[in-house]
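Chemist: Construct all of the structure, not just a fragment, from the sequences and the given hints.
This is what each chain is made of:
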Amino acid sequence: MSAQSLIMGHPMSSPAHARHALLYMWRIRKFEEAVEDLFGRGMMHGTMHLSIGQEASPTGMCMALTLQDQITSTHRGHGHCIAKGADLTRMIAELLGKEIGYCGGRGGSMHIADVETGNLGANGVVGGGIPIAAGAALASKMMKKGSVSVSFFGDGAMNEGAFHEAANLAAIWKLPMILFCENNKYGMSSSTEKAFAIDNLADRGKGYGIPAVNVDGNDVVDVYEQAKIAVERAKSGEGPTLIVAETYRWKGHSRSDKNLYRTKEEIEEWRERDPIPKFTSKIIEAGLMTKEQCDAIAQEATDAIIAAVNESVKAKPADPAGLLDAVFKKASA
Amino acid sequence: MSERMLTMAEAIREAMCIAFDERPEVFLLGEDVGIYGGAFGVSADMYHRYGAERVLDTPIAELGIVGAAVGAALSGMRPIVEIQFSDFTAQAMDQIANQAAKIHFMLGGALHVPMVLRTPQGSGTGAAAQHSQNLEPWFASVPGLKVVVPSNPADAKGLLLSSIDDPNPVIFLEHKLLYKIPGREPVPEGSTRIPLGVSKVVREGKDLTIVATGIMVNKAWEVCEKLSAEGISITLIDPRTISPLDMQPVFESVDKTGRLLVVQEGPAHAGFINEVIAQMAGSASFGSLIAPIKRLAGMNIPIPYAPQLEKAAVPQIEDIEIAAREIVKNWR
Amino acid sequence: MSFKYPVVMPKMSMTMETGELIIFHVKVGDHVKSGDVLFEVMTDKIDMEVDAPADGVIDSLLAEPGAVIEIGKPVLIMLTDTEVMAFDFGNEEVEAVQVEQIEQVEVKIAPPTAAVILNESVKAVPKARSEAAKRGVDLRTIAATGPDKTITMHDLNNAQVDPAMAARQKANRALIAKGIEMSRGIAQASFSRTVNSDFETATLIRAWASVLRSRPDLAIHTHVGVALIIESKYGSALPVFKDPDHLAHEDLKALVASTSEAAKNGKVPLAMLTGATTTIFDVSRYSMNSSTPLLFPNQVTSLTIGYGTESEKNISLTIDLNFCDFYDGALLLDALVASITKH
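Protein chains in written order, with this note's numbering: chain W, 1 to 333; chain C, 334 to 665; chain D, 666 to 1008.
Calculated from the structure, these hints are not laboratory results.
Quick reminder that beta carbons are idealized off the backbone N, C-alpha and C, glycines included.
Treat the hints loosely; a few may be bogus.
Claimed, not checked - So the derived list for chain C, only partly shown, Cβ under 7 Å to chain D, looks like this:
hint	residue
1	Gly591
2	Ala617
3	Phe619
4	Leu622
5	Asn633
6	Leu642
7	Trp664
Modeler: Here it is as structure tokens:
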């Protein structure tokens, strides 16, 4: 997507759209940096999976969705959650094990869900969310809600049975669903070259009768454009689309990753393709925003994260007293 | 009111039809549940009555089916999943144990999963090791799942309607041999419910308490009848819901009889019925025991094929009779 | 370069608490790019490189290689162009995020009642046990007819308390009580020593008899009779081993074993019921260190064997000062200890 076409009537050519895209990518970036810092200081329990470098994919996809549309997310899910509009304080608070956290401290990094924004939850099991998104799409179809559901998953999940079973169900039932693969090249340490015998992961779509498209996962405009087409297709009853977004995680799989399976050169090469400056220069070039305006957006995101962290740190720790009552939902009278 | 004697398959179908009529968000999905009527004919004719959209045939993809049910349940529907044999739930275990069971808790109560997973289980059909298991402990050991094991048509109807009402995932385990058998009691007409988590005292006696699950309730009943003629009177308790488990009637009964025999079809080792024993051992009613607790359960083997082998693998009426008589005679 | 960013010792695994700084890859004044390696650390699990979060200049190094640094503590400071997310709340607030420990509820176990302690060594159904405790029945006095010799409720309900047994229990208790009562009036002295516990009861009986025999001035009888207190279902039994030092060791050992076994069931041969000149009470089998000294009428001495450590026992000797001098006790005990130790 060239700067030219941004101006020439493209949906993202409005300053409001550009601003949204830039703000959310910065929010994700700054959120992940904050998480890394908090974890590094030992303030965060458990583990964390950062999506620094991948911000354009969830931002572009979720910009094509409404609040009623649903998503399922992954263990590397902070970006999806933010892009769908989740509250930053409740997210940070969850990571710090606070009562006001999204899950009241019961879920942590890998299990944040937000009903308000149609986020059915991140998932600790690779591929776990794909059949669930198919089910959400089935419900949308049966209840004639007109909503679409998007399942985010990584390249690794494409080799799970859950992907195959859910893709097939979505195809035969023509479900309003988008299978969104963030191909960041590695399932933990296994490269796609090692884990797949096909070069293009989008070829998998053909096997299920699902149209598939490759997008530059580091180009928020490209992601948004294809997402929009897929959403329209789903909502008009034509069934699912498989989007394979080529992207890259700068950081290790989790904190205890030494990056033994990839080269510094490769990481460096992808750092050069940082989705944020790429988009920033594009919108400045297109005259949609000035550099000062762009810097202000970055600062706005930074301030929002700082405020979220400061509020979360002060919040009340989650209370073990309610644990037993939290297992089952009480029947409403 | 007519005294309707239905089979368990008929009672379950009736419950599903009532739920279908009462709630538009209820639907059934599973392999061959449509025009075929389900592997055991439980959903026979429902396809014609409610159409292909609500009686949804699926490909053979248990993980996908249960996952789709979880997603639909999260999004406003109330799916009933039929898995053809309980053994095949192994294929779907991620969606059952990691997703359905945990979503409400781990997401801090933001979402819940109102779904029922119905599946036939148990031996006696010669279907051998991969089609005959009793997997109660798999499900009962996962917090977040409710587990129902009906022993008769009337209970099956009322419990299934309650399970469909329940806002949580319920695993509904139906013994294959019970499908075609009419119960001892009539099945009430209409939209009647039996609450989950309430054990049923099937009959009362003073000499021995038997706690049995599923088909074993029926076998134990025969023993109660026979021994009653010999002057041995037995209390028979059917927990009906094994998660959550209602032990109160068991404690109260053992306080009177002092003797406890527990019976299940599944293997003894780490079986569900051991939970009954553990709770008894830790209760105030322990001091009421005048005999060691006796357990009858399946052998710790996969279910074998040949009829005589299959019979030997799980408790039979004679085994229960011998055990019951011995406890009462030896421990006075 | 307007932002100061402290690069800290990062937490790199779920269990990591500290990390060792191995080497710096940068020095003060170096310009670094985001992703450049700043230093290497070693933890319990892995070695890892820590890289620059942003472009900038190294301002200062805060530790020496080899230093073990707590997670969250700064290792170096760099100056950056852009603000990098960094938080430092001080210890107080870090404390606040610690997961609260679930309060440990102290479980208070009520001490068992006397009857329950007594009933611990028999097999009975739970109901019989609780009923026996309630009724104050000693389950050892009840014949078990249940499977595996377990006392059933039937056994408990139908147990007749044998009047003869009750009488014998009563008589035995009276005997001990009388002994204690009389001992109180006797001017006495007690001595004790710790010895290795690797001696047999028969050895002790034999050694004690020969020590006493070596002091005829203390004996008021011509023979030595050693009474051994044994717990039986009729209460304490006191079989007397007459002149045990005249028996061969193996014979005495067999006699002590058979007599002890019989005494437990209340069967002591008539000939062994009298003639005691001294008494041995072994409380070490109850893990007791010592007990009230017993001096029966007409006995000048008594021994109590108590539990010392896993390998030691306490021997206490009590003497009647009407018949011997104070130091005699010490001499006697010394001679006894020498004899069993030599053995």
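Chemist: Classify the hint on C/Ala617 as holds or violated, based on whether any CB of chain D lies nearer than 7 Å to its CB.
Modeler: 10 Å, violated
Chemist: Given a cut of 7 Å on the nearest C-beta pair, is the interface hint for C/Leu642 held or broken against chain D?
Modeler: 30 Å, violated
Chemist: Close enough to count: is the Cβ of C/Phe619 nearer than 7 Å to one in chain D?
Modeler: 5 Å, holds
Chemist: Is the interface hint for C/Asn633 satisfied, with its Cβ closer than 7 Å to some Cβ of chain D?
Modeler: 24 Å, violated
Chemist: Does C/Trp664 pass the interface check with chain D, least Cβ-Cβ distance below 7 Å?
Modeler: 6 Å, holds
Chemist: Minimum Cβ distance from C/Gly591 to chain D below 7 Å?
Modeler: Holds, about 6 Å.
Chemist: Using the nearest Cβ pair, does C/Leu622 come within less than 7 Å of chain D?
Modeler: 5 Å, holds
In this structure, the hints that do not hold are numbers 2, 5 and 6, in rising order.
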